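*Asks:* Below, each chain spelled out in residue letters.
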Amino acid sequence: MSISIRQLFGRKPKSSSIAKQRLKLVITQDRFDVDDRVVTRLHHELIEVLAKYFEFSMDSVQISLKPEGNSYVLVADFPYKKAHDVSMNR
Amino acid sequence: MGKVIVVTSGKGGVGKTTSTANLGTALALLGKTVVLVDADVGLRNLDIVLGLESRIVYTSMDVIDKQCELSKALVRDRRVDGLTLLAASQKNNKDDIQPAQMKAICDKLRSTHDFVLVDSPAGIERGFSNASAGADEAIVVTTPDVSAIRDADRIIGLLQHARIEPINLVLNRFSPELVGNGSMIDQEDVIDILNIDLLGIVPEDTGVITSTNRGIPLVYEEGSEGGQAYMRIARRITGQQIPIPAFDQKGLFTSIMNWFTRKG
Ligand SMILES: Nc1ncnc2c1ncn2[C@@H]1O[C@H](COP(=O)(O)OP(=O)(O)OP(=O)(O)O)[C@@H](O)[C@H]1O
Ligand SMILES: [Mg+2]
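Chains A and B, in that order, give the protein sequences.
Residue numbers for the first sequence follow my numbering, so the first one is 1 and each next one is one higher.
Residue numbers for the second sequence follow my numbering, so the first one is 1001 and each next one is one higher.
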């Protein structure tokens, strides 16, 4: 709850708020019985697909499952440099 | 008919035995009849924390093996009326006892005591199944660190699955200073994450070490912060509505968080 105020002032988040965020994520995964390998495989396969359409650096891709209420939101972050010209492949 | 309460945790070393000894003594000081059951077979400690180690003759294993009557195996704590201990066997291991056998012992004890507190071993294996087999309610102990909280959530899931309720939380080794400077997760966040009711907060207290050295539970020590915290928790267990003191960012007691008694 105090996270937003700190973020408002542009300060580094306290380790306790980082702990809370990480715990929420990991506990949701534990509760929903998510296999770590699912996330890892999804990560690899998404990169393969994304590479067909965009130019980006592989290690900038971040995929995470975020708990929201009683379910998950899948969040994929991939800062890309530019889109490939798809018409060339046709 | 008394209540059987299992004191448990996922992670080890978070304060289950300390809590069982102090809450048992506190409940007896409040005039209740209490029996403490050590379910940590093979790694018993409740006897030494209570200072009763030299007086153990029989254990729950002897009762199960019909070597002695249940009532004869109970060691009376001479410092307070109404407090006894059923020790665990140190020579056996957790697999030598069946959950049904533990349940039978708890059911018998329940008919002659107001409270049966079972000190569970850490973990999610057989020791936990044995300790929780006869329980009506549970107290989950955690410290405010990520591993202990995560493991507490696992245990809460298992307790819910076993239809043990209510499940209440004791937050142990809490440090207002660390919460104040943002390095320790606070009680509201812990409850928000685990989603169970908070029974009480026990501060980090070096007195725990000296009291364990002596075999005299902290609740006997006047002016001890930890002892007072355990006294308040015991009162809540008996149904009294005692507010849980909350700590603000500077680590001072300022606001009061209301604690509502459990249904029933
Ligand atoms: N509030 C506290 N302040 C300071 N030290 C504490 C506190 N509570 C417990 N301790 C210390 O933590 C250690 C572990 O406590 P305890 O044996 O009660 O934990 P446990 O959960 O029963 O462990 P196990 O899982 O091995 O059975 C002990 O050395 C004890 O003195
Ligand atoms: Mg213990």
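The hints are simulated quantities; they were obtained by calculation from the structure and are not laboratory data.
Fair warning: there could be bad hints in the mix.
Over the 10 Å line for every Cβ pair with chain A, so calculated as not near, a few chain B residues [claimed, not checked]: (1) 1068; (2) 1076; (3) 1080; (4) 1146; (5) 1162; (6) 1185; (7) 1212; (8) 1241.
Some chain A residues near chain B, calculated using beta-carbon distances under 10 Å [claimed, not checked]: (9) 13; (10) 15; (11) 17; (12) 19; (13) 23; (14) 26; (15) 27; (16) 31; (17) 37; (18) 77; (19) 81; (20) 82; (21) 84.
Just so we're clear, the structure is a prediction, and the values are computed from it rather than from any experiment.
We put the beta carbon where it would ideally sit given N, CA and C, even for glycine.
*Asks:* Can you list which hints this structure breaks, lowest number first?
*Replies:* As far as the earlier hints go, 4, 6, 17, 18, 19, 20, 21 are violated by this structure, in ascending order.
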